[in-house]
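Peer 1: The primary structure of each chain is shown beneath.
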Amino acid sequence: SQQGEEDPQALSIQEGENATMNCSYKTSINNLQWYRQNSGRGLVHLILIRSNEREKHSGRLRVTLDTSKKSSSLLITASRAADTASYFCATENQAGTALIFGKGTTLSVSS
Amino acid sequence: EPEVTQTPSHQVTQMGQEVILRCVPISNHLYFYWYRQILGQKVEFLVSFYNNEISEKSEIFDDQFSVERPDGSNFTLKIRSTKLEDSAMYFCASRGQGVETQYFGPGTRLLVL
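Protein sequence lines, in the order shown, are assigned to chains F and R.
All the letters of the first sequence, read from the start, carry residue numbers 777 to 887 under the numbering used here.
All the letters of the second sequence, read from the start, carry residue numbers 257 to 369 under the numbering used here.
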C-alpha cells in the first residue's frame, strides 16, 4: 500500500517547544500533504510538498521531503496550546484520484 | 472563504436502514470525494467522483454504497442497508481543476445501532 505512516503516535510538549512529526510511505508519490484534525472535527489542510521539492515553509510550519528515504517531517516551531490536535500525512494514490492517510500523530501542547 | 459543508452533523440510525449523507462542495470545484474515519482510526478513502461518474473506489465502497450529484450543488453518499461497522465519521472533500489540495467538510458522525 502507499499509506503514509506517522511517528510518534503521540507527542506531549510544553508551549514554546518545537514539535517534530515524521511520516514514511512506500511507493512513488506526486506530492505529500499534511492535515490537521482537532478532536472530533474535520480535516484542515496545512501544507503540500511536491516530489521535486525538499523543503517548504508556511508560518511556523516547516515540511521536509526525502524521496530517497520515502519520508517526510513536519516541524511546528514555538508551539502553542492551540496546536493541540492530530496531524496526518497523506499521499496521493498512483491514479491521482484519492488521498491515502497515515494513522496520525496526536500532539498535546500544555501551557 | 468558501468551504465544504455537510449535513447532518450527526445521524443515528438502526441497522438495516438506509441513510443519505449530504455534502455541498465548494462551488467551482469539479472533483468530489468521500472518506470515512472509524473512531480512533485513520481516515480511509471511499470514492472519488468527476464528470458525473466514479473515478475510483476503494474496497470499502461495496454495493451497499452509492454516490450521486443530483443537482449542481449537492453531492450525496447513500448507504442502502447500514451495518454496525458503518458507524464512523464521514467526510466529504472537493478539489478544483488543476489544484492538488482537497478541501474537507466538517464531517457527519454516523452511529448505527
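These aren't lab readings, by the way, just hints derived from the structure by calculation.
It should be emphasised that the depicted structure is a prediction, and the values quoted were computed from it without experimental measurement.
Built from N, CA and C at the ideal position, the CB exists for glycine as well.
Don't take each hint at face value.
Derived pair list, reagent style SDA-like, types lysine to any residue, alpha-carbon separation capped at 25 Å [to be verified]:
1) R:K334 with F:I789
2) F:K879 with F:I789
3) R:K298 with F:T803
4) R:K298 with F:R838
5) R:K298 with F:R817
6) R:K298 with F:A857
7) R:K298 with F:G792
8) F:K845 with R:K339
9) F:K802 with R:K313
10) F:K802 with R:S311
11) F:K879 with R:E309
12) F:K879 with R:E341
13) R:K339 with R:F321
14) R:K298 with F:N869
15) R:K334 with F:G872
Computed from the model, here is a short list of chain R residues facing chain F with C-beta under 8 Å [to be verified]:
16) V299
17) S304
18) F317
19) E356
20) Q358
21) G361
22) G363
Residues from chain R shown here face chain F by an in silico Cβ test under 7 Å; the list is partial [as the list claims (entries may be wrong)]:
23) K298
24) N308
25) E312
26) F321
27) G352
28) Q353
29) F360
Peer 1: Give a verdict on every hint.
Peer 2: Against the structure, the hints:
1. R:K334 with F:I789: violated, 42 Å
2. F:K879 with F:I789: Between K879 of chain F and I789 of chain F the Cα gap is close to 20 Å, so the pair holds against 25 Å.
3. R:K298 with F:T803: It holds: about 19 Å lies between the C-alpha atoms, which stays within 25 Å.
4. R:K298 with F:R838: holds, 23 Å
5. R:K298 with F:R817: holds, 13 Å
6. R:K298 with F:A857: holds, 23 Å
7. R:K298 with F:G792: violated, 28 Å
8. F:K845 with R:K339: Not OK: K845 of chain F and K339 of chain R at ~40 Å, beyond 25 Å, violated.
9. F:K802 with R:K313: Since the Cα atoms of K802 of chain F and K313 of chain R sit roughly 20 Å apart, the hinted pair holds (cutoff 25 Å).
10. F:K802 with R:S311: holds, 23 Å
11. F:K879 with R:E309: violated, 29 Å
12. F:K879 with R:E341: Answer holds: K879 of chain F to E341 of chain R is near 19 Å, not above 25 Å.
13. R:K339 with R:F321: Holds - the C-alpha atoms of F321 of chain R and K339 of chain R are around 12 Å apart, at most 25 Å.
14. R:K298 with F:N869: Distance of about 16 Å is within 25 Å: holds.
15. R:K334 with F:G872: Between K334 of chain R and G872 of chain F the Cα gap is close to 24 Å, so the pair holds against 25 Å.
16. V299: holds, 4 Å
17. S304: holds, 4 Å
18. F317: violated, 11 Å
19. E356: Where the cut-off is 8 Å and the nearest Cβ of chain F is about 6 Å from E356 of chain R, the hint holds.
20. Q358: Holds. Min distance 6 Å.
21. G361: With a closest approach of 6 Å, the G361 of chain R hint holds.
22. G363: Holds. Min distance 5 Å.
23. K298: holds, 5 Å
24. N308: violated, 15 Å
25. E312: Hint holds; E312 of chain R Cβ to chain F Cβ min 4 Å, cut 7 Å.
26. F321: With a closest approach of 15 Å, the F321 of chain R hint is violated.
27. G352: violated, 13 Å
28. Q353: Result: violated, 13 Å to nearest chain F Cβ.
29. F360: holds, 4 Å
Hints 1, 7, 8, 11, 18, 24, 26, 27, 28 from the list above are not met by this structure, while the remaining hints are.
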